[in-house]
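Participant: Okay, here's what each chain looks like letter by letter:
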Amino acid sequence: MADKSTTLVQGTLDMLILKTLALEPLHGYGIAQRIEQISRGVFQVNPGSLFPAFRRLERSGLIDTQWRATENNRRAKYYVLTDQGRKRLNSETKEWGRQIAAIARILEARS
Amino acid sequence: MALIRSVIRNLTAGLRGLFRRREADEELDSELRQYLDAAVTEKIKAGMRREDALRAARIEMGSAEAVKEDVRAVGWETVVETFWQDIRFAVRTLRKNPGLTAIVITTLALGIGANTAIFSVVNTVLLRPMPYKQADRLVTVWGANKARGYDLDLVSYSDYLDWKSQNRVFESMGAATDEMYTLTGAGEPVAVIGYAFSPDFFDVLGVPPVLGRTFGRDEDQPGKDHVVVLNYHLWRVQFGGDRSIVGRNVTLDGKAYTVIGVMPQSFQYPQSVELWTPLAIVPDYAKDRGIRWLRVLARFKPGVTIDQAHSEMKTIAARLGSAYPKTNKDYDVNLVSLRELTSGDVRPALLVLLCSVGLVLLIACANVANLLLSRAVTRKREIAIRVALGASRLRMLRQFLTESVLLGIVGGAFGLVIAYWGVGALVAMFPTTISNLSIPRVETIPIDRWVLGFALLASVVTGIAFGLVPALQACRVSPNESLKESGRSGTAGSHGRRLRNILVVSEVALSLVLLTAASLMIKSFVRLVQADLGFHTDHLLTLRVLLPEYKYGTDTEQLAFSNEVLGRIQSSPGVKSAGTVTFLPLSGWWGTREISIAGRPADPAAKNPRPVWSSVSPDYFRATNIALLKGRYFTDQDNKSTRNAAILSASLARELWPNEDPIGKEVNVQGFNGTRQVVGVVGDISQLGIGVHQSGINSEPTSEVYIPFAQEPTHLLCFAIRTAGDPLSVANAVRREVWAVDKEQAMSFIETMDQLASETTALQRASMILLAVFAGLALVLASIGIYGVVSYSASQRTHEIGIRIALGAGSRDVLHLVIGEGLLLTVAGVAIGIAGAFGLTRFLASLLYGVSSADPATFVTVPMVLTAVAVAACYIPARRAMRLDPMVALRYE
Chain L
17 MADKSTTLVQ GTLDMLILKT LALEPLHGYG IAQRIEQISR GVFQVNPGSL FPAFRRLERS
77 GLIDTQWRAT ENNRRAKYYV LTDQGRKRLN SETKEWGRQI AAIARILEAR S
Chain B
8 MALIRSVIRN LTAGLRGLFR RREADEELDS ELRQYLDAAV TEKIKAGMRR EDALRAARIE
68 MGSAEAVKED VRAVGWETVV ETFWQDIRFA VRTLRKNPGL TAIVITTLAL GIGANTAIFS
128 VVNTVLLRPM PYKQADRLVT VWGANKARGY DLDLVSYSDY LDWKSQNRVF ESMGAATDEM
188 YTLTGAGEPV AVIGYAFSPD FFDVLGVPPV LGRTFGRDED QPGKDHVVVL NYHLWRVQFG
248 GDRSIVGRNV TLDGKAYTVI GVMPQSFQYP QSVELWTPLA IVPDYAKDRG IRWLRVLARF
308 KPGVTIDQAH SEMKTIAARL GSAYPKTNKD YDVNLVSLRE LTSGDVRPAL LVLLCSVGLV
368 LLIACANVAN LLLSRAVTRK REIAIRVALG ASRLRMLRQF LTESVLLGIV GGAFGLVIAY
428 WGVGALVAMF PTTISNLSIP RVETIPIDRW VLGFALLASV VTGIAFGLVP ALQACRVSPN
488 ESLKESGRSG TAGSHGRRLR NILVVSEVAL SLVLLTAASL MIKSFVRLVQ ADLGFHTDHL
548 LTLRVLLPEY KYGTDTEQLA FSNEVLGRIQ SSPGVKSAGT VTFLPLSGWW GTREISIAGR
608 PADPAAKNPR PVWSSVSPDY FRATNIALLK GRYFTDQDNK STRNAAILSA SLARELWPNE
668 DPIGKEVNVQ GFNGTRQVVG VVGDISQLGI GVHQSGINSE PTSEVYIPFA QEPTHLLCFA
728 IRTAGDPLSV ANAVRREVWA VDKEQAMSFI ETMDQLASET TALQRASMIL LAVFAGLALV
788 LASIGIYGVV SYSASQRTHE IGIRIALGAG SRDVLHLVIG EGLLLTVAGV AIGIAGAFGL
848 TRFLASLLYG VSSADPATFV TVPMVLTAVA VAACYIPARR AMRLDPMVAL RYE
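These protein sequence lines map, in sequence, to chains L and B.
If you read the first sequence in our numbering, its first letter stands for residue 17, the second for the next number, and so on.
If you read the second sequence in our numbering, its first letter stands for residue 8, the second for the next number, and so on.
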């Protein structure tokens, strides 16, 4: 698994999760799926990284948990983005943008 | 705000994970199961068969257990959990080995306990803030005259006023002097030690009274100055803690004084003073700048340093010196901070003790480390299995350290008990009547939070110190080797042995240093106690009487009292002879007067001697056995109608007339009219005690001038009564006789001269005893250490010894083999120890009397003793080795 997909740095994974939840609350597998979908298969996250990330984010107050019914009418644990999480997502996204632009400039600079 | 919320959330979630572990686990479980289900459902939707989908999903997820572990690792509660696990495991391990655990805990308790005890004394005496407002800004101001050797001289009234008005460095300044009063009207007449404060003195100290008020600005004026502030202790003991005492009158020296206030319990300025009266300025004293009688205390302005103040005061003193050359020439100013004044005497001894007890703890740590090292060998297999199962080195290290810190803390807890008892014993060594030490009065030395904190810190640091090395050593174990059946490597190998040897050698070295220091102190103390004081202290009862002015205003009255009381005492049963003296030797009280040869031109720059003076009754010398060297003692014929007489001590006589016979020559004694004829020379005595130094008098031997009491009576009378039997047995009779003459006369300090002598050496005695105890402890620990190492090494070499015996080695050879190893270690330790002792005992020099800190005899005998003890410790393992049956030994694994 690790050789196929790009291994994600902890901080990046956190941000992706937050972004995913910005659209709507999801349960664990749903988040994994969404990330894989949107990144067109580049990022495939396994539970071994996902679940610790969930707990981390929860402890930091960036996401919240809710027990809801799934499409199959089963009880599942859903994760919800909190206000604080939304704020963090916005600031991180801005920072990311700055960094990527800078890297791009460096990489494109005439040697 | 959001931060607080997230902290709270973290906290509650963690607590939930800690205490509702199962629920949290189940929740995690169900979530993972759900994930799996969702994954399977997706795959089935994508077209896989159910079993394939299940398998694929499981593979994708990986090990559920691993995931759970990873998730759990995120929360802080896992740290707490593993910590708790470590502790439980440590307790189990320690319980499995009760013998070892008991020895370790005992060793640690002794080491940490001793350290805590000494620290609590250091804390109370040196570190605790003094009970005055911003006490570090308080400084005592003294006169100094380098030419005459005075560095802490009292101050004259005019000088004090000039200092006060001319300085710019002090915010406030006060003057004081000691007084003694007879308190009557409340039970038995009692002599109380008082202190006269200038009106603003209490303000300099800045401590408010618990009852009433302190002196007002004008209360030193005659007519307004019969007010008194009581000490807490006196208020409780003499007046029963009566809260309505303020406004009541008490009788001091026959006069009525109004009580205006009571000071708090912690206020003791200076030591052992019981009440304070306003400083009354005697006009004669006020005018003469040469009469120096005041003690000055001052408070720095904020930001002023002691050096700045010193240079300012130096300038002022120089100014006064040139303005008044007759009295102030060569007079300088000396500043001593209050803290330094009150604890400077004991600080060197305390620091030495603190270092010594620290060395003891180091030795104890080395011992315990050795013990743990040997035990680590037996746990090799356990460690190997854990490592093989995936335990990280860090985790193992943490486990071992938890064990050793736990041992440290338990040892420390027992150590606190030892400390409590030890401190009690320490305080008992310093009776409160000691005159020559300015130690802060410590009724009890409390075990407060600083001491507890120290004990805890010491326990934890000790635990880490002795646990680190065995822990690191144990973690080196390679599982492959250790799990094999006949694995006998590991700590038994060369690396482990070297470590153990190093520990033992350092133990021996440290004990040698301690033993040398202790021997030096013992030798010094013996010299001190045997030193000749110039008089005999045995069978001598002493007591002190202060005749109040109002009743004994004239010489005749004082003489009448003295004669009658002496007569009665001398005819009491059990009394061989009795005399009086103004300043009793070893009492801590003394006064000096200038003496000059009569007829020589008065030369202000001449360094006339300033001996201690006393008025004595004729039998005084006989009672105290002071030797007569030339001429005669005083007799009843020396009185007001005959020629003025004087007796000089030998050193004073030599100083005045180096080459002539002093008998018959005339002297002038400051303050007494008329010249006096020298009628006798007596042996030198030590007024303050051997080894005690006081600025202003040369204490060894002390120059003394004696004057017949009948010619110059004094209000202060100290009785010296030589008895046939136990001096205290005549104490009651003596009291009766005094009260028969004057039933309102108070007496104080009724004790034997032997008691006084032992009080003057209290500090040295206590230091010696403590150091000896520490050294003894060190010796025992080091012997145990050597025994342990040699015994262990011998048992490791059982196989080898068996072969040697089988090949023909005699028992003597085996003995040499075993003891030889121990001897080598000991000699190495002793050699290092001697070098260390040479370097370190010089810090002891200020505490030693009559012994050099490099005393050759000590440096030879102590190593020999230590070596002998160490060899003896090797004897038992050696004997065991000698008795080995080679057949058994060869099969030994």
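Wrong hints could be hidden among the right ones.
[Said to hold, decoys possible] Away from chain L, derived, C-beta distances all over 12 Å, residues of chain B: (1) Arg-16; (2) Gly-21; (3) Leu-35; (4) Leu-39; (5) Leu-43; (6) Ala-46; (7) Arg-79; (8) Pro-136; (9) Ile-313; (10) Ala-325; (11) Gly-351; (12) Ala-432; (13) Ile-509; (14) Asn-666.
[What the hints assert, rightly or not] If the Cβ cut is set under 8 Å, some of the chain L residues that face chain B in the computed set are: (15) Ala-38; (16) Pro-41; (17) Tyr-45; (18) Arg-75.
Source of the hints: derived by calculation from the structure; they are not laboratory data.
For clarity, every value in this text was computed on a predicted model and none was experimentally measured.
The C-beta atom is built at its ideal place from N, Cα and C for all residues, glycine as well.
Participant: Tell me the hint numbers this structure goes against, listed in increasing order.
Facilitator: 1, 2, 3, 4, 5, 6, 7, 15, 16
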